[in-house]
Amino acid sequence: MITTLITGLVLGGTYALVAMGLTLQYGISRIMNLAYGEILIFAAFAAFLLFSTLGINPILGLAIVLPLAFAFGYLIYGVMMQPLVARSKKSGTLEVDSILATFGLLFVIQGVMLVVFGSNYTSYNFLNTGINVLGTNIAANRLLAFALAVIIGATLFYVLTRTRWGTTIRAIAVNPDAAPLVGIDVNRTARFAFALGTMLAASGGVMISMYQTFNASMGVVFTMKALVIVIMGGLGNLMGALVAGLLLGIVETLVATHVDPGLTLAATYLLFLGVLLWKPSGLFGKAAGR
Amino acid sequence: MLEVTNLSLRYGRHLALNQVSLRIAEGETVVILGANGAGKSSLLKAIAGLAKAEAGSGVTLDGKSILGTKPHLIPEAGIALVPEGRGVFGDLTVEENLLLGANPKRARASETERHALIFDLFPRLAERKGQLVRTMSGGEQQMVAIGRALMSHPRFLMLDEPSLGLAPIVVTELFGALKRVKETGVGLLLVEQNVSISLSISDRGYLMEAGRITGENSAEALKTDPAVQQAFLGGAAA
Chain A
10 MITTLITGLV LGGTYALVAM GLTLQYGISR IMNLAYGEIL IFAAFAAFLL FSTLGINPIL
70 GLAIVLPLAF AFGYLIYGVM MQPLVARSKK SGTLEVDSIL ATFGLLFVIQ GVMLVVFGSN
130 YTSYNFLNTG INVLGTNIAA NRLLAFALAV IIGATLFYVL TRTRWGTTIR AIAVNPDAAP
190 LVGIDVNRTA RFAFALGTML AASGGVMISM YQTFNASMGV VFTMKALVIV IMGGLGNLMG
250 ALVAGLLLGI VETLVATHVD PGLTLAATYL LFLGVLLWKP SGLFGKAAGR
Chain B
5 MLEVTNLSLR YGRHLALNQV SLRIAEGETV VILGANGAGK SSLLKAIAGL AKAEAGSGVT
65 LDGKSILGTK PHLIPEAGIA LVPEGRGVFG DLTVEENLLL GANPKRARAS ETERHALIFD
125 LFPRLAERKG QLVRTMSGGE QQMVAIGRAL MSHPRFLMLD EPSLGLAPIV VTELFGALKR
185 VKETGVGLLL VEQNVSISLS ISDRGYLMEA GRITGENSAE ALKTDPAVQQ AFLGGAAA
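Respectively, the protein sequence lines represent chains A and B. With the numbering used here as the guide, the letters of the first sequence map in order to residues 10 to 299. With the numbering used here as the guide, the letters of the second sequence map in order to residues 5 to 242.
Hint data in this document are derived by calculation from the structure and do not stem from the laboratory. These figures come from a predicted structure and were not determined experimentally. C-beta atoms are modelled at their ideal positions from N, C-alpha and C, and glycine is treated no differently. Please note: incorrect hints may appear among the correct ones.
[Unchecked claim] In silico DSSO-like links for lysine-lysine, alpha-carbon gap of 27 angstroms or less:
| # | chain 1 | residue 1 | chain 2 | residue 2 |
| --- | --- | --- | --- | --- |
| 1 | B | 68 | B | 186 |
| 2 | A | 99 | B | 74 |
| 3 | A | 99 | B | 183 |
| 4 | B | 109 | B | 68 |
| 5 | A | 98 | B | 56 |
| 6 | B | 133 | B | 186 |
| 7 | B | 74 | A | 98 |
| 8 | B | 109 | B | 74 |
| 9 | B | 56 | B | 109 |
| 10 | B | 186 | B | 109 |
| 11 | B | 109 | B | 133 |
| 12 | B | 74 | B | 56 |
[Stated by the list, open to error] Label pairs and their computed distance ranges (CB to CB):
| # | chain 1 | residue 1 | chain 2 | residue 2 | range |
| --- | --- | --- | --- | --- | --- |
| 13 | A | 289 | B | 116 | 39 to 49 angstroms |
| 14 | B | 72 | A | 166 | 31 to 41 angstroms |
| 15 | A | 144 | B | 124 | 33 to 43 angstroms |
So here's chain A without its partners, still in its complex pose (with noise of 0.2 angstroms):
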């Protein structure tokens, strides 16, 4: 029991960390973005490569990784997403309209990636060696994930919630039209709350690279799961993310363990539905209405 609780929610730690970014794209920027689980997967792709051929250990990949990522979704944004949040000031139908142009562009990311990376699971030895926890082994890539995922996690929340540039951020979430009335550019927070997102999506693939396999086409499954999250938790929550995070993975693995490891997915749903039937606004939102 003990052991499926620290793996559980040692797994949970990264779900937390990449729905924390999709919250950034969805909840705040207004992005809802389908190729997430893509970025997350050509992280994993790019830290496997960096090992392989550079000999480069993912935490220095990290490094590496990150800041290309946020470039990348910084540049997305830019190009794709701007003109949408443009043509939704008349419109109002940035959702539909983004969810459209990202699952465009799940296609384009997934496609580079199978011609580049085949079609075949990947994973490489990165501290596969066990650690004793509380009586129990767990792989030390785990534990190294997710005190990663606690690191950036936790500052990541310091700086949302604590400082001037973080509430920036979450004031476009709750008013985007008061926004200038305090200085603040709307259209560039947007932007980079979701080169953040794009960032912790990486942050989170690099993770799952250490102790997971993982192949080009699986994507959608993370993408899914953040969502899962993300609206468990409330929707622009953090704090029902990372709660939520933790508990899928704790769920996840009670399932993997003691039910069957095919019926991970469908306990996912089955807790998703629990949660919004029990309350529909997620975990943390606020009562219907607004």
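Given the structure of chain A, go ahead and fit chain B onto it with the hints provided.
Here is chain B on its own, set in the frame of chain A:
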């Protein structure tokens, strides 16, 4: 000096502002009186860069044109707006709203003093600094909106119907605070339907009707002006 010259604004075919001209000097308090739909809100929005004026319009600050400036750069120029409906960040706390108010660079140097001034003006905000703004009363939210605007260290503060929907006792309290804001040297441009209380703190006033300025006078003179009496005090307006 904030000066508006021949400002026109159109929503589709509807001419909301028709060649409006007015000026407000440093530290002066000016009220624009007019009925619903006279174009008062549109005027403030146009100055704040939130609505696009027609060609030939002019808005200048110290002689320099600020027309066409992006709305988020207007606070940086020293003009703050408290919009109709307040425009507060409801899901953030009082303290966070004030923090955001000091977002423009011009506000940073005097942030601590302004913060103290606002809590002095509105002691109730000091008591509730950790509260989410959406859970507060209308009057308190208006205080947050005004406090947030003051945090930006404005030279001119524009207020769109601050008394709207508030109980008379709260309105009195609010205007008492505005009077003290005025004494700190901030120029106030006020749009109101509540004639008597807004004239009581104003130096000058303009009358507005169907998108045009129809009169201008000192506040003293407007108090006894039959046109004002007829338009507001005899009519249905509160």
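For this session: Run the structure past the numbered hints and jot down the numbers of the failing ones, going up.
Result: Hints 3, 15 not satisfied by this model.
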